[in-house]
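Asker: Sequence:
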Amino acid sequence: MQLKFLIIGIDVFLEKRKTRIHVGYLKKENEQFVFIYNDHYLRAQNIIPLGPEFPLTKKQFKSKSLFASFKDRIPSKENPAYSEYCQAMKIDPMEDNPLVLLSTIGKRGPSSFVFEPIYERLFTIQDVLDFRKLLKFTTREFAHIFEISQASLNALERKRSSGKDLLKRLEIFVRFPTVALYFLIINGGILSFNKWQNAATVLKKIKSFNIFQYNHLNR
1 MQLKFLIIGI DVFLEKRKTR IHVGYLKKEN EQFVFIYNDH YLRAQNIIPL
51 GPEFPLTKKQ FKSKSLFASF KDRIPSKENP AYSEYCQAMK IDPMEDNPLV
101 LLSTIGKRGP SSFVFEPIYE RLFTIQDVLD FRKLLKFTTR EFAHIFEISQ
151 ASLNALERKR SSGKDLLKRL EIFVRFPTVA LYFLIINGGI LSFNKWQNAA
201 TVLKKIKSFN IFQYNHLNR
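Using this note's numbering, read the sequence shown as starting at 1 and increasing by one per residue.
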């Protein structure tokens, strides 16, 4: 399955000997870089600021340009080894997105702060509805097989509820058809033989496809 991951931010962690502490996150909003400290981090003991421009007396910071403490973590393109750094992290040497650079070649530095990517979650209620229709399941059948509440599913599909936690669960079935097939096998007794066979065939067909490009299978 081909999944595309779009980096939309950076999670900052303070790495200790055996654990990591979440420090805060960096995102770009309205053409500005925004860094926000984690509330728990600010209340913790023996903490250190991310950089001189991030005093612990303040929670949120904004800048039109990338903050110096982050910019300093990105190697200069003039560095003779720059292309090798990029190759090692499997990114294009011409990549200029600072969020991508920070989460790859700028991930680690001389300090104990570590940068990890924040990925965009491109999964919606419509994806759930398309998946259910692709399998030709009623809401009752879908809820039974995937062990969720039919009432919650109905509320989700009718957009009466954001269903954030339910979406997270259903995303696993939609993105990984082999998992959905497992639940079909153990809970599929509610289906007629033909409907079960059709669903199993569909799930096997889409195992190696981009999950957001399989609507054509139902045409």
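In case anyone wonders, no lab produced these hints; they're calculated from the structure. Possibly wrong hints are sitting among the right ones.
As the list claims (entries may be wrong) - PhoX-like, lysine-lysine: derived pairs with alpha carbons at most 20 Å apart: (1) Lys71 to Lys133; (2) Lys204 to Lys133; (3) Lys107 to Lys133; (4) Lys58 to Lys18; (5) Lys71 to Lys107; (6) Lys90 to Lys136; (7) Lys136 to Lys107; (8) Lys204 to Lys136; (9) Lys18 to Lys133; (10) Lys90 to Lys133; (11) Lys90 to Lys107; (12) Lys205 to Lys195; (13) Lys16 to Lys58; (14) Lys136 to Lys64; (15) Lys59 to Lys27; (16) Lys59 to Lys77; (17) Lys59 to Lys28; (18) Lys27 to Lys107; (19) Lys28 to Lys107; (20) Lys59 to Lys90; (21) Lys133 to Lys159; (22) Lys59 to Lys18; (23) Lys133 to Lys59; (24) Lys107 to Lys16.
Said to hold, decoys possible - Label-pair ranges, simulated between beta-carbon atoms: (25) Val34 to Arg108: 40 to 48 Å; (26) Lys133 to Ala81: 32 to 40 Å; (27) Phe183 to Pro93: 21 to 29 Å; (28) Ser111 to Lys64: 31 to 39 Å; (29) Ile186 to Lys64: 53 to 61 Å; (30) Thr178 to Leu122: 51 to 59 Å; (31) Phe193 to Ser112: 32 to 40 Å; (32) Gly189 to Ile47: 51 to 59 Å; (33) Asp72 to Arg169: 39 to 47 Å; (34) Leu6 to Pro80: 40 to 48 Å; (35) Ala151 to Ala44: 35 to 43 Å; (36) Ile47 to Pro80: 45 to 53 Å; (37) Lys204 to Glu29: 37 to 45 Å.
Predicted model, so just to flag it, every value in this text is computed and none were measured. All residues carry an ideal CB built from backbone N, CA and C; glycine is no exception.
Asker: The structure should be examined with respect to each hint, and the outcome stated for every one.
Answerer: Consistency of the hints with the structure:
1. As the CA atoms of Lys71 and Lys133 are separated by approximately 47 Å, the hinted pair breaks the 20 Å bound.
2. With a CA separation close to 16 Å, the supplied pair Lys204 and Lys133 stays within the 20 Å bound.
3. Distance check on the hinted pair: Lys107 and Lys133 sit about 42 Å apart at the alpha-carbon level, beyond 20 Å; violated.
4. With a CA separation close to 28 Å, the supplied pair Lys58 and Lys18 exceeds the 20 Å bound.
5. At most 20 Å may separate the alpha-carbon atoms for a hinted pair to count; Lys71 and Lys107 meet this at roughly 12 Å.
6. For the given pair, Lys90 sits about 40 Å from Lys136 by alpha-carbon distance, which is inconsistent with the 20 Å threshold.
7. A threshold of 20 Å between alpha carbons decides the hint, and for Lys136 with Lys107 the separation of about 45 Å lies outside it, so the pair is violated.
8. Restraint check for Lys204 and Lys136: satisfied, since their Cα atoms lie roughly 15 Å apart, inside the 20 Å limit.
9. Taking the CA atoms of Lys18 and Lys133, the gap is about 47 Å. The hint is violated against a cut of 20 Å.
10. A distance of roughly 38 Å separates the Cα atoms of Lys90 and Lys133; the hinted pair therefore is violated under the 20 Å criterion.
11. With a C-alpha separation of about 13 Å, the suggested pair Lys90 and Lys107 falls inside the 20 Å cut-off, and the hint holds.
12. At most 20 Å may separate the alpha-carbon atoms for a hinted pair to count; Lys205 and Lys195 meet this at roughly 15 Å.
13. Taking the CA atoms of Lys16 and Lys58, the gap is about 23 Å. The hint is violated against a cut of 20 Å.
14. Straight-line distance between C-alpha atoms of Lys136 and Lys64 comes to about 50 Å, which puts the hinted pair past the 20 Å bound.
15. For the proposed pair Lys59 and Lys27, the alpha carbon gap of about 14 Å is at most 20 Å, so the pair holds.
16. Our distance criterion of 20 Å between C-alpha atoms is broken by Lys59 and Lys77, whose separation comes to about 32 Å.
17. Restraint check for Lys59 and Lys28: the C-alpha separation of about 16 Å stays at or below 20 Å, so the hint holds.
18. For a cut-off of 20 Å, the pair hint linking Lys27 to Lys107 stands: about 15 Å separates their Cα positions.
19. For the suggested pair Lys28 and Lys107, the alpha carbons sit about 18 Å apart, so the restraint of at most 20 Å is met.
20. As the CA atoms of Lys59 and Lys90 are separated by approximately 34 Å, the hinted pair breaks the 20 Å bound.
21. A distance of roughly 17 Å separates the Cα atoms of Lys133 and Lys159; the hinted pair therefore holds under the 20 Å criterion.
22. For the given pair, Lys59 sits about 26 Å from Lys18 by alpha-carbon distance, which is inconsistent with the 20 Å threshold.
23. For the proposed pair Lys133 and Lys59, the alpha carbon gap of about 45 Å is over 20 Å, so the pair is violated.
24. Note on Lys107 and Lys16: the hinted pairing holds, with a Cα-Cα distance of about 15 Å set against a maximum of 20 Å.
25. With their beta carbons about 23 Å apart, Val34 and Arg108 fall outside the hinted range of 40 to 48 Å.
26. With their beta carbons about 52 Å apart, Lys133 and Ala81 fall outside the hinted range of 32 to 40 Å.
27. Taking the beta carbon of each, Phe183 and Pro93 are about 44 Å apart, not inside 21 to 29 Å as hinted.
28. The supplied range of 31 to 39 Å is broken by Ser111 and Lys64, whose beta-carbon atoms lie about 24 Å from each other.
29. Between Ile186 and Lys64 the C-beta distance comes to about 54 Å, which sits within the given range of 53 to 61 Å.
30. Between Thr178 and Leu122 the Cβ separation comes to about 20 Å, which falls outside the hinted range of 51 to 59 Å.
31. At about 59 Å, the CB distance of Phe193 to Ser112 disagrees with the hint of 32 to 40 Å.
32. Against the hinted window of 51 to 59 Å, the Cβ-Cβ separation of Gly189 and Ile47 comes to about 54 Å, which satisfies the hint.
33. Taking the beta carbon of each, Asp72 and Arg169 are about 41 Å apart, inside 39 to 47 Å as hinted.
34. As the Cβ distance of Leu6 to Pro80 is approximately 31 Å, the hint placing it in 40 to 48 Å is violated.
35. Against the hinted window of 35 to 43 Å, the Cβ-Cβ separation of Ala151 and Ala44 comes to about 41 Å, which satisfies the hint.
36. Here the CB-CB span from Ile47 to Pro80 is close to 37 Å, at odds with the stated 45 to 53 Å.
37. Taking 37 to 45 Å as the suggested C-beta distance range, the pair Lys204 and Glu29 conforms, at roughly 42 Å.
When each numbered hint is compared with the structure, violations occur for hints 1, 3, 4, 6, 7, 9, 10, 13, 14, 16, 20, 22, 23, 25, 26, 27, 28, 30, 31, 34, 36.
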